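S.K.: What follows is each chain in one-letter form.
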Amino acid sequence: MHRLPPFRYEAATSAASAVQLLAAHGPDALVVSGGTDLYANIKQRLFTPKVVVGLRPARDMHYLRFDQSRGLEIGALTTLARLAAEPVVCERYPALAEAAASISTPQLRTMGTIGGNVCLDTRCNYYNQNLDWRQALGYCMKKDGDICRVAPGSPKCVAVNSSDTAPVLQAYGARIRLLGRSGEREIDIADFFMDDGMRAWAKQADEIVTAIHLPVPAPNTVSAYRKLRLRNSFDFPIVGIAAVMQTDGGGRCTGARVVLNAVASKPLESPGAARALVGTKLEPDALDAAADAAYATGKPLDNTSGSIPYRKRMLRVFARRTLEACAAPR
Amino acid sequence: MREQELPSVSTATNPDGDARPLTSAVEASSVLRRAPQYPPDKPEGFSVVGKAGPKLDSFTRVTGQDRFADDIFLPNMLFGKMLRSTQAHARILRIDTSKALALPGVVAIVTGADIPVRYGILPSSPDEMVMALDTVRYVGDPIACVVADDELTAEEALALVQVEYEPLPAVMSIDEALRTDLPQLHPNPRRTNNIHKEVHLEFGDVEAGFASADRIFEDEYFFEGTTHAPIEQHAVMAQYGADQKLTLWAATQTPHYLHRIAAAVLGMPASQIRVIAPPVGGGFGGKTEPFAHELAAAFLARKTGRPVKITLTRQEVFYAHRGRHPVRFKLKTGVKADGTITAIHLQSWLDGGAYGSYGVATTYYTGALTTVTYKVPAYKFDGCRVFTNKPPCGPKRGHGTTQPRFALENQLDKIADALGLDAAEYRKRIAVDPNSTTVNGLRVTSCGLRECIDAATERTRYKEKRGKLARGRGIGLAASSYLCGAGLPIYWNAMPQSGAIVKVDRGGGVTVLSGTSECGQGSTSMLAAIIAETLGVDPSDVSVCYGDTDLTPVDLGSYSSRVTFMAGNAARDAASKARHLIAQSAAERFGVGPDRVGFAGRRVFDLGNRERSMTFIEAAQLAEARWGTIACVGSYTPPKLAAEYKGSGVGPSPAYSYSAAVAEVAVDLETGEITVEKITLAHDVGRCINATNVEGQIEGGVYMGLGEALMEEWPFRAGEHKIPNLLDYKTPTSLDTPPIEAIIVETDDKEGPFGAKEAGQGPLNPVIPAIANAVADAIRARIHSTPITPEKVLKAMDAASGTTLRLKKVTTPSKPSPVPV
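Residue numbers (the working numbering), protein chains in the order written: chain U, 13 to 342; chain L, 64 to 884.
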């Protein structure tokens with residue numbers, strides 16, 4: 013990596029002041045919360061902002077509260093370490109706690125935030141490289157080039173969503189709150205992620221993520237998150253599966269969401285997997301059928317660690333294991 | 064001028080770097096001649112050697128007080144950056160630096176044309192230049208160097224240098240390098256391909272050996288290339304003073320070699336160059352030769368008259384490389400029905416990358432130590448190193464012996480299984496004996512191989528477990544040996560390999576001057592312990608001054624596991640002389656013979672009557688009054704060990720260390736993921752000087768081997784290193800590293816200092832095959848290539864169970880390597 017180049021750091025004291033600063037500086041500005049992703053990308057010259065708007069001083073985004081009627085509200089600046097340790101998250105949204113606890117290293121979880129993790133730049137091993145490396149191989153469409161190096165025929169960038177919390181939030185049916193010059197809005201998180209590595213979020217340039225809202229889980233909700241990575245720490249997922257299911261009193265599945273991770277530019281929902289589960293008592297056959305559907309949904313490309321055939325094969329294994337973790341009596 | 068027409072520097076004839084004795088008093092020399100060179104023992108017993116304790120320099124290192132090369136800042140200094148090739152193989156048609164030079168803040172730019180000298184760490188392959196003159200040979204090959212007032216300006220200037228390339232076909236594999244229709248990286252009219260070095264050696268009657276075998280096993284293996292990944296990136300600070308003297312502070316394991324080659328490349332007398340090796344943040348073989356950035360910084364410091372610092376980025380460290388060669392093997396072993404080896408034929412093909420580096424030695428090392436662990440009566444070795452358009456490979460911990468060890472120990476388990484032998488007992492039965500000579504003429508002295516195997520297998524109850532654990536769980540054993548320093552220097556000379564000066568202060572402090580480099584391996588502590596033991600003082604009384612070519616006598620450097628044995632012996636030699644002077648004057652005071660004087664606990668005493676004693680300070684002052692300044696020199700030259708054949712210079716060592724590792728693993732049969740649950744490693748270190756340090760070296764070797772066994776890869780994409788960063792280049796995290804049990808075995812080597820041998824490299828070697836053998840035990844299938852990834856595990860299991868997904872067979876070039884030219 014290169015040295016961090018000079019830029020002006022503007023501290024936002026509130027969410028509103030962050031929006032003002034972004035509006036004032038236009039495309040020259042980027043926001044930073046924990047900095048664990050952005051600064052590394054700046055050092056690789058993927059971004060060269062003139063202004064960096066620091067969100068950390070904005071106290072109005074540091075909160076986490078649970079309400080029996082509203083559910084869980086997480087301020088965007090809540091650190092991943094806190095999310096992983098918060099009792100209400102561990103009890104009510106265990107898959108979210110699991111996912112947060114599994115991100116990178118303790119040091120990065122202490123700095124990294126939920127807002128930053130949801131807005132983690134999509135990753136690709138042609139893209140996340142130093143400037144001179146990219147220059148030697150030829151630039152890609154995500155930065156300075158015009159074709160996709162992974163899939164040269166692709167009209168769009170196929171960089172991968174590597175956020176561990178994103179698929180889990182989507183499986184829980186989270187909503188995401190955005191604040192911009194034209195005001196505040198809250199949208200379904202599934203609509204926030206877009207399947208385009210270059211434009212991965214339905215977010216205007218002057219908008220920031222201020223909070224994430226998770227509904228109160230229905231009674232008998234079970235959830236789990238499992239991921240594949242090559243090391244037990246410090247690695248991005250190369251396959252991830254989040255599942256959230258509801259059952260009736262008799263153990264019959266009444267609702268399910270299965271979301272794949274690290275195989276597309278957005279968290280990839282598998283409706284087939286959900287269909288295979290709903291109405292069953294989560295017997296092994298049903299879990300197998302759902303794992304098969306998840307397997308069919310995911311189409312990994314050669315842009316992360318691990319080969320395509322291996323990651324594809326692991327989709328079924330990890331789907332099955334995630335579903336088993338959900339189905340297992342607690 | 065074309066690159067091929069350049070004169071190459073023959074460092075072989077460079078007579079600099081001598082270490083003249085600095086004995087301060089003529090009279091002292093005459094006394095020393097009567098002294099036994101090595102007291103047979105310490106009659107008063109050891110008081111420092113063998114004790115555990117933290118390394119003396121660990122406190123300053125972990126608190127950030129050590130100043131590494133990159134921590135050095137000088138007034139008015141400049142920052143350098145190197146422009147590197149974006150092409151894997153190309154001719155340079157034009158370099159235009161004018162726009163870059165015009166950038167405010169840029170002070171100077173140089174290119175290959177400014178330093179048209181070829182050099183190489185081995186006198187036999189001087190094929191490198193500081194910067195390319197007319198050809199670039201890998202993505203990352205240096206082309207130009209900019210110095211500017213600050214680092215960002217230098218970086219900005221690089222983008223303004225215009226280079227026009229004429230691309231050439233790139234040679235990216237061993238197979239491609241053997242082809243005759245691709246351009247040669249280094250024109251060689253005697254060949255039509257890109258072979259760099261061939262070795263063909265035969266010892267004993269190989270044909271008869273195979274003819275008398277009951278079974279012959281033939282396998283092919285591939286060992287993947289890996290890199291050292293030291294925490295400290297390479298860095299250098301160069302200063303050229305008004306006195307026309309050049310000082311280099313360099314993150315190097317070998318200040319002496321940098322000194323020699325800097326003199327040759329810069330065309331300066333060595334007497335005008337001082338090389339200082341500050342504490343090094345990890346080397347592992349990756350800092351054992353002069354690098355382009357060091358020579359460029361020196362050149363630019365002289366050109367500009369201002370200090371120049373260059374620190375490589377992590378990506379540049381991957382480009383500077385000199386890492387472990389990827390090697391393919393064909394291994395053929397003949398055995399009797401009881402497993403006795405009758406003959407071995409080993410063929411190796413090394414992917415050398417773009418330049419020679421230590422590669423000629425590496426080639427020999429892939430074959431040289433085959434015979435040092437198990438009895439081999441007949442042995443044939445064919446080695447072949449090729450040039451490819453990749454960063455140059457070189458020495459990494461285990462230098463060239465790590466790769467064949469993977470093949471040999473893997474096949475040995477296979478043989479044991481095929482013959483129904485217990486794999487541990489089998490290894491012990493065929494282990495070499497102490498004080499023997501191998502078929503290729505290597506002298507083995509102390510050898511604790513059987514003891515190591517016993518210790519590691521008994522501790523883990525290996526025999527009860529192997530082959531009997533549930534599927535998915537496995538245990539594996541492997542053994543190995545390593546050098547205690549190469550018996551011959553890399554450039555021919557008759558001088559010592561190590562020198563040392565020991566100075567005793569009248570205040571009781573002792574200073575040792577040694578040309579070693581401290582790269583975290585513990586040389587500082589080792590030297591202090593040896594001197595403290597000899598003089599009966601505390602290691603904290605010893606001040607170690609190392610790695611400074613102006614101050615310290617030549618030591619060839621911290622590589623080849625030579626420092627404890629060679630620098631340790633030199634330091635002991637010097638300290639023994641000081642001891643003798645002090646003993647002589649103390650003996651006169653006690654009225655006894657000098658042999659009756661003991662040294663321990665900061666006291667000097669009469670061994671016959673310990674009540675009669677004085678403090679070490681009193682004894683030192685007495686000696687100084689009697690003899691003058693107490694400053695003694697020592698040196699170490701290994702015994703002549705090389706046999707009478709070409710290539711016999713690689714392999715001999717004054718002693719060999721031995722290791723045995725047992726790995727216990729759990730394999731997830733669905734995902735193929737391997738969890739190494741424990742590594743138990745017994746190491747014959749001869750005699751342990753500091754138990755904490757030896758255990759630390761064992762743990763470090765295990766850790767490094769773990770990464771190579773399971774995850775490290777060296778892939779290329781479109782001619783470019785695919786993952787030159789520490790996120791994508793996988794090394795194990797603390798969560799991937801299992802509990803490690805280190806067992807120290809002592810055999811008291813007769814020639815090592817206080818009986819000591821090496822621990823820096825040897826313990827890595829058995830780890831990789833031990834894990835491979837444990838995985839094979841767990842999945843009932845063998846994997847013939849590293850790293851042993853989850854995907855390979857699944858494919859091997861699929862292949863073993865007859866399903867269609869097959870593990871790609873490791874292949875070696877279809878033709879045996881051509882006959883020598």
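FYI, nobody ran anything at the bench for these hints, they're computed from the structure.
Owing to the predicted nature of the structure, the values given are computational and were not obtained by experimental measurement.
Treat the hints with care, as some may be off.
[Unchecked claim] Restricting the straight-line Cα-Cα distance to at most 20 Å, the calculated cross-link-like pairs of lysine to aspartate or glutamate (EDC-like) are:
1. U:Lys55 - L:Glu488
2. U:Lys55 - L:Asp133
3. L:Lys855 - U:Asp314
S.K.: Taken at face value, is the distance from the CA of Glu488 (chain L) to the CA of Lys55 (chain U) at most 20 Å?
M.R.: violated, 55 Å
S.K.: Are the Cα positions of Lys855 (chain L) and Asp314 (chain U) separated by 20 Å at most?
M.R.: OK: Lys855 (chain L) and Asp314 (chain U) at ~17 Å, within 20 Å.
S.K.: Going straight from one Cα to the other, do Lys55 (chain U) and Asp133 (chain L) come out at no more than 20 Å?
M.R.: holds, 19 Å
This entry does not satisfy hint 1, going by the numbered hints stated previously; all others are met.
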